[in-house]
Amino acid sequence: MKQGLSEWIRVPLIVARGINNGYESIIQMNRPTLGLTAAVHGNELNGVFCIHRLMAEIDCENLNGTIVAIPCVNVPGYLAYTREFIDKRDLNREFPGNEMGMPSQIYAYHLMTKIVSHLNVLIDLHTASFGRMNSFYVRANLHDEAVSHVNNSLAFFKMAKLMCPQIILHNNGQDGTLREAASTRGVKVITVEIGNPQTIQKTYTSWCYSGLLNILHYFGMRSHPGKDLNHQPIICSHGYWMYTRTGGVLEVYPKVSVFVDKGELIATIRDIFGNIVDEYYAPCKSIIIGKSSNPVAMSGDRIAHIGFIHDKNQPFPLFAKEEY
1 MKQGLSEWIR VPLIVARGIN NGYESIIQMN RPTLGLTAAV HGNELNGVFC
51 IHRLMAEIDC ENLNGTIVAI PCVNVPGYLA YTREFIDKRD LNREFPGNEM
101 GMPSQIYAYH LMTKIVSHLN VLIDLHTASF GRMNSFYVRA NLHDEAVSHV
151 NNSLAFFKMA KLMCPQIILH NNGQDGTLRE AASTRGVKVI TVEIGNPQTI
201 QKTYTSWCYS GLLNILHYFG MRSHPGKDLN HQPIICSHGY WMYTRTGGVL
251 EVYPKVSVFV DKGELIATIR DIFGNIVDEY YAPCKSIIIG KSSNPVAMSG
301 DRIAHIGFIH DKNQPFPLFA KEEY
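Heads up: the sequence shown begins at 1 in full-length UniProt numbering, then just goes up one per residue.
FYI, nobody ran anything at the bench for these hints, they're computed from the structure.
One should not assume that every hint holds.
[Stated by the list, open to error] DSSO-like cross-link-like pairs, simulated, lysine-lysine; straight-line CA separation at most 27 Å: (1) LYS114 x LYS88; (2) LYS202 x LYS285; (3) LYS227 x LYS262; (4) LYS312 x LYS158; (5) LYS262 x LYS202; (6) LYS321 x LYS161; (7) LYS158 x LYS321; (8) LYS161 x LYS285; (9) LYS255 x LYS312; (10) LYS227 x LYS255; (11) LYS285 x LYS158; (12) LYS321 x LYS227.
Let the sequences and hints guide you as you build the complete structure.
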């Protein structure tokens with residue numbers, strides 16, 4: 001795809017091919033071609049550093065299979081310090097793309113056809129959006145129909161647990177996301193949310209790095225797993241965002257990855273003179289997956305991302321979609 005100076009938009013790509021050729025192993029279904037993507041939203045940078053660290057330490061002589069890493073998917077957004085693509089659209093709502101569509105759709109189309117379609121497994125690394133904070137959590141489709149044994153018996157649930165996150169959220173994936181489009185094409189994919197935008201958070205990136213090593217080890221691509229983080233992730237059957245009913249100065253009280261009880265005060269909104277004009281309470285015992293960090297709120301702005309804790313005696317819902 002070319003930009004306004006008639007020059008190609010160059011997407012950075014790092015490929016580590018081990019002694020055991022990835023393609024031959026794919027046929028045997030025991031040595032996958034594993035993809036890593038970061039910065040699908042241009043200001044979500046923690047994943048970039050995770051990929052840098054992992055690829056710098058990979059020893060191809062001891063690697064079985066192939067790793068294909070894109071440390072920056074949304075190059076125009078990255079250069080502009082913004083979430084959106086060059087046409088101001090959310091690139092992660094335009095997959096699988098359209099060869100004859102808008103700029104973001106054309107870009108998504110080429111990413112899908114030239115790179116993603118050649119993968120067996122994909123780990124898509126994200127962070128919160130501007131003005132929000134995230135825990136270290138994984139989004140994956142955990143419904144029984146989705147977690148049947150697939151490549152090397154690695155189900156989505158197992159992939160999610162191997163990342164050792166604070167939270168695992170059952171989610172089908174929004175239409176137009178890279179995860180949904182790749183999954184439709186048979187790629188086994190999870191989304192990993194790593195903290196906050198336009199920054200590097202060494203604790204979160206270190207956790208993610210260890211989780212990636214775990215997945216490589218599980219697939220037999222690497223001889224040793226990552227560091228044991230002793231995380232017992234909280235499993236959520238679904239989640240939803242609380243939204244403001246009015247505008248004002250927003251204060252959200254709980255930290256991310258913290259439990260809240262039913263009826264617990266989550267947030268208040270004050271007018272510009274300091275008077276409380278609205279309060280928001282937890283609808284049930286739940287966990288804070290993410291939250292707003294921007295105190296300036298309009299009516300309809302986000303407050304907190306609430307995760308509903310999964311009942312082990314109940315199946316995961318067939319459909320679990322939300323805006324994120």
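Original post:
Which hints, by number, does the structure contradict?
Top reply: Structure breaks hints 2, 3, 5 and 12.
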